[in-house]
Amino acid sequence: MKAFETFETPAAARVNYINAQYGLKSWLLTKDHKRIALLYLGSISFFFMVGGVYAMLIRLELLTPQGDLLSSATYNKVFTQHGIIMIFFFLIPSIPATLGNFLVPMMIGAKDLAFPRINLLSWYIYLLGGIITIYALLAGGVDTGWTFYVPYSTTFSNSYVIAAGLGIFISGFSSILTGLNFIVTIHTMRAPGMTWFRLPLFIWSHYATSLVMILGTPVVAITILLLAFERLSHVGIFDPANGGDPVLFQHLFWFYSHPAVYIMVLPSMGVVSELIANFSRKNIFGYRFVAFSSLAIAVFGFLVWGHHLFVASQSVYAGMIFSFLSFAVAIPSAIKVFNWTATLYKGSISYDTPMLYALGFIGLFTVGGMTGLFLASLAIDVHVSDTYFIVAHFHYIMVGGALFGYLGGLHYWWPKISGRMYPEGWGRFSALVIFVGFNLTFLPQFVAGYLGMPRRYHAYPPEFQVFNVLSSAGASILGFGLLIPAIYLVWSMRYGKHAEANPWHLPGLEWRTASPPPTENFLTTPVVTWEAYEFAPPEEMQVVGRMKDEKLEAPVS
Amino acid sequence: MQTSWIPFIPESASTVSGKVDALYFYLSGVTVFFTLLISGVLIFFVIKYRRRTAFEIPRPIAGSHKLETLWSVIPFIIAMSMFAWGAQVYFENSRPPKNANEVYVVGKQWMWKIQHSTGQREINELHVPVGRKIKLIMTSEDTIHDFFIPAFRIKADVLPGKYTTQWFEATKPGTYHLFCAEYCGMNHSGMIGSVIVMQPADFDNWLSGNASQQSPAVAGQQLFQSLGCVSCHGANGEGGRGPGLVGLFGSKVFLTNNQTLTADEAYIRESIENPSAKVVTGFSPIMPTFQGQVTPEQLIQIMSYIKSLQATGTPATAAPTTKAAATPAVATATPQLNRK
Numbered sequence: 022m023k024a025f026e027t028f029e030t031p032a033a034a035r036v037n038y039i040n041a042q043y044g045l046k047s048w049l050l051t052k053d054h055k056r057i058a059l060l061y062l063g064s065i066s067f068f069f070m071v072g073g074v075y076a077m078l079i080r081l082e083l084l085t086p087q088g089d090l091l092s093s094a095t096y097n098k099v100f101t102q103h104g105i106i107m108i109f110f111f112l113i114p115s116i117p118a119t120l121g122n123f124l125v126p127m128m129i130g131a132k133d134l135a136f137p138r139i140n141l142l143s144w145y146i147y148l149l150g151g152i153i154t155i156y157a158l159l160a161g162g163v164d165t166g167w168t169f170y171v172p173y174s175t176t177f178s179n180s181y182v183i184a185a186g187l188g189i190f191i192s193g194f195s196s197i198l199t200g201l202n203f204i205v206t207i208h209t210m211r212a213p214g215m216t217w218f219r220l221p222l223f224i225w226s227h228y229a230t231s232l233v234m235i236l237g238t239p240v241v242a243i244t245i246l247l248l249a250f251e252r253l254s255h256v257g258i259f260d261p262a263n264g265g266d267p268v269l270f271q272h273l274f275w276f277y278s279h280p281a282v283y284i285m286v287l288p289s290m291g292v293v294s295e296l297i298a299n300f301s302r303k304n305i306f307g308y309r310f311v312a313f314s315s316l317a318i319a320v321f322g323f324l325v326w327g328h329h330l331f332v333a334s335q336s337v338y339a340g341m342i343f344s345f346l347s348f349a350v351a352i353p354s355a356i357k358v359f360n361w362t363a364t365l366y367k368g369s370i371s372y373d374t375p376m377l378y379a380l381g382f383i384g385l386f387t388v389g390g391m392t393g394l395f396l397a398s399l400a401i402d403v404h405v406s407d408t409y410f411i412v413a414h415f416h417y418i419m420v421g422g423a424l425f426g427y428l429g430g431l432h433y434w435w436p437k438i439s440g441r442m443y444p445e446g447w448g449r450f451s452a453l454v455i456f457v458g459f460n461l462t463f464l465p466q467f468v469a470g471y472l473g474m475p476r477r478y479h480a481y482p483p484e485f486q487v488f489n490v491l492s493s494a495g496a497s498i499l500g501f502g503l504l505i506p507a508i509y510l511v512w513s514m515r516y517g518k519h520a521e522a523n524p525w526h527l528p529g530l531e532w533r534t535a536s537p538p539p540t541e542n543f544l545t546t547p548v549v550t551w552e553a554y555e556f557a558p559p560e561e562m563q564v565v566g567r568m569k570d571e572k573l574e575a576p577v578s
Numbered sequence: 007m008q009t010s011w012i013p014f015i016p017e018s019a020s021t022v023s024g025k026v027d028a029l030y031f032y033l034s035g036v037t038v039f040f041t042l043l044i045s046g047v048l049i050f051f052v053i054k055y056r057r058r059t060a061f062e063i064p065r066p067i068a069g070s071h072k073l074e075t076l077w078s079v080i081p082f083i084i085a086m087s088m089f090a091w092g093a094q095v096y097f098e099n100s101r102p103p104k105n106a107n108e109v110y111v112v113g114k115q116w117m118w119k120i121q122h123s124t125g126q127r128e129i130n131e132l133h134v135p136v137g138r139k140i141k142l143i144m145t146s147e148d149t150i151h152d153f154f155i156p157a158f159r160i161k162a163d164v165l166p167g168k169y170t171t172q173w174f175e176a177t178k179p180g181t182y183h184l185f186c187a188e189y190c191g192m193n194h195s196g197m198i199g200s201v202i203v204m205q206p207a208d209f210d211n212w213l214s215g216n217a218s219q220q221s222p223a224v225a226g227q228q229l230f231q232s233l234g235c236v237s238c239h240g241a242n243g244e245g246g247r248g249p250g251l252v253g254l255f256g257s258k259v260f261l262t263n264n265q266t267l268t269a270d271e272a273y274i275r276e277s278i279e280n281p282s283a284k285v286v287t288g289f290s291p292i293m294p295t296f297q298g299q300v301t302p303e304q305l306i307q308i309m310s311y312i313k314s315l316q317a318t319g320t321p322a323t324a325a326p327t328t329k330a331a332a333t334p335a336v337a338t339a340t341p342q343l344n345r346k
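First to last, the protein sequences are chains X and F.
Yeah, the first sequence ends on 578 if you go by the numbering used here, and it's all consecutive.
Yeah, the second sequence ends on 346 if you go by the numbering used here, and it's all consecutive.
Keep in mind that a hint or two might mislead.
DSSO-like, lysine-lysine: derived pairs with alpha carbons at most 30 Å apart [unchecked claim]:
hint	chain 1	residue 1	chain 2	residue 2
1	F	K119	F	K104
2	F	K54	X	K367
3	F	K72	X	K367
4	F	K258	F	K25
5	F	K139	F	K104
6	F	K139	F	K168
Derived, one-sided and incomplete: chain X residues facing chain F with beta-carbon distance under 7 Å [claimed, not checked]:
hint	residue
7	T209
8	A212
9	R302
10	K303
11	F395
12	R477
It is worth saying that the hints were derived from the structure and are not from the lab.
Positions of the beta carbon are idealized from the N, C-alpha and C atoms, including for glycine.
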């Protein structure tokens, strides 16, 4: 049996990236990818809470069929702002900018990203976009829907469309820069011996995500710019009253925004690949298929935007082509699901919190993906598009998929990030609560949708009330469930048990250095001589340089 | 296909709704099957291969090309069957039949204006006979709307500056929801109505008008008298304590808050239901609200009477030609007001 290699010395365990320097300035001017990841973590958590408050307002309003809690104008702003904040300021940066930022260099054995200053710049750009968007919300809000459909947004809306658009436009550059940084880093900064097929699948999925980020984001930036231009000077690009074409906007918008779905879910798939392999101590079944399916999703994802326009006066034949391609893009996702499941076969599966999230992800993503087929199918889409069926479908992908992956990853790497353990019991309990609350919130919406309840309705016919009451009940459970990790993760930063370098006893490079890692990640450049997910017996997986007062503990079983 | 016994399925009332439901059942079946399969296998593995000792290391398994092929090809075949079936149902219904009755639909914030080819107008209601093919020719006066009838499983966007069509053949008399399914601004969820499917004989009765056989404008003129509008707006709408109404429709109106707008249906409707919202320069807000006192139908009648009061003085009572009705009043409804 090969000796377990480690690249860290005892002295390093005492100085880490968190205590290396103190003071606000040392954080705001840091070039350390790990500190930047924490800056992102703080800011996206803030935006997640803002978006969550809007979600709660929506669910409260929809408890009764009448529009009684909020006025129609306010309700429209609330669902618009829920979408804008959650998509552009939480989901898109969530995994790449926090976990990706922290882990891409560590998992490939690099000291930092290729462009540390650009990395810091990306956070400031994100923040500027966020502040402008918050200004738009405080100044009076925006009511166009997160989709900004014209000519409503160019001509009819009285709200702060340009300010919100500007915020999104600016924050888009932060994702372009992050994507660029990842691609260059993965190409040029892999440690000796870290060949492409030894890369953890988290890296593959981030590579695919980065491609979408740099190719797609400029398109939405241009689209928003044209929209603002038209709103200001009525040039007639989109508004038919000025000779424009409103459907053109939808094509441009979805050319980015459909691939953006993959920006949100691909990193999550990367996290789940890590969790499934590591918590079953098995190498990923069909590694190359999983790796290449990420790239396939990234590429095919650009060819299916037209399925958002099946009822928007698109030609019948275009509809059929986009329908075909949308069914085709489902296959790489199916391959992933089958491979994850097969990975568990004859594994050694533990039930730690991250694994519960990963298993939840597979189940919910399966439902989300399969219901996507309903929308790819032309005849059904005609009936269910713009109804709650769609709302349910994309929440299964974005909450059941992206958010579950994010929470699973956050728990999994929390010991590495914070140097502390989170309370495992509370972790499992909250994962369960979140799973139950999520399903209760969104399963009834599939039914309400097929029965014909349109989305973005402030008031609705009373026969849909029962589904909305279930949904709102589920949302309160979900909200309660999400509060638990928010509390105990913050709590654990001060009171949690100190984490060892390798608390899960895993072979990945990030576990072969101290928790939290030193600023330069590895004191000597690692040389990789093993394949991805090559598990050694756990007693060998102790890092040599753990702190003296820490005892070797039996792994969690 | 008889589906009324199945829960969670909306009423099925058109020739296409059964076909869509059949496809929906197929996809639901496949979804439930795969969800149960995946979660079943997942739960089975998670229990069977749970970690028993802290130090066990399972034997690595690289993968299997056979299995990869199997679970790529089978989902692909299933996906293609869904694609083909869905595309076929969609394609069959994408072309309206040649012999369909045409109905014109104009969407505007936040109402549906409908006119039958015989000239009959309706607002937020669509009366159709059972067993006849109806083709909707739709456009919008302002932003994008979407004409959605869940019971018929049909929906299509209604766009400004463009005509879209969809068609259906109702199979069951009854009253069904009509929704605007494309978000269109403040009162989007109020842009709803009903589709009333009648037996052909009842429909023909309805089409030939109410017992009085009055045109809406004439009925409106009577309401104008009986509701007491004449006391302020003049016996023939020439004005008095209230602003004159002759030639009002489509003209520019100056308001006390220094705004200017073009008098369109929405403005007239608002001025009847909520008179103090927009008061014409030189007049006081003395008019009482008529909200709840006039039915939507009466409102249309009053509106058509006001529209008929053109400067020539002769009320135009003839039903407008279908062509005119189909042309959206984009010019008159230019929403300059909404711009900031």
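Do the hints match the structure? See the list:
1. K119(F) with K104(F): OK: K119(F) and K104(F) at ~24 Å, within 30 Å.
2. K54(F) with K367(X): Measuring from Cα to Cα gives roughly 8 Å; hence the hint holds.
3. K72(F) with K367(X): holds (19 Å)
4. K258(F) with K25(F): Violated: K258(F) and K25(F) sit about 50 Å apart, past 30 Å.
5. K139(F) with K104(F): Holds - the C-alpha atoms of K104(F) and K139(F) are around 9 Å apart, at most 30 Å.
6. K139(F) with K168(F): holds (23 Å)
7. T209: Since chain F brings no Cβ nearer than about 29 Å to T209(X), farther than 7 Å, the hint is violated.
8. A212: violated (22 Å)
9. R302: holds (6 Å)
10. K303: Given a least distance of 6 Å, the restraint on K303(X) holds.
11. F395: Holds, because the Cβ-Cβ distance from F395(X) to chain F comes to roughly 5 Å (cut-off 7 Å).
12. R477: Holds: closest Cβ of chain F sits about 4 Å from R477(X), inside 7 Å.
Hint compliance for this structure: hints 4, 7 and 8 are broken, all remaining hints hold.
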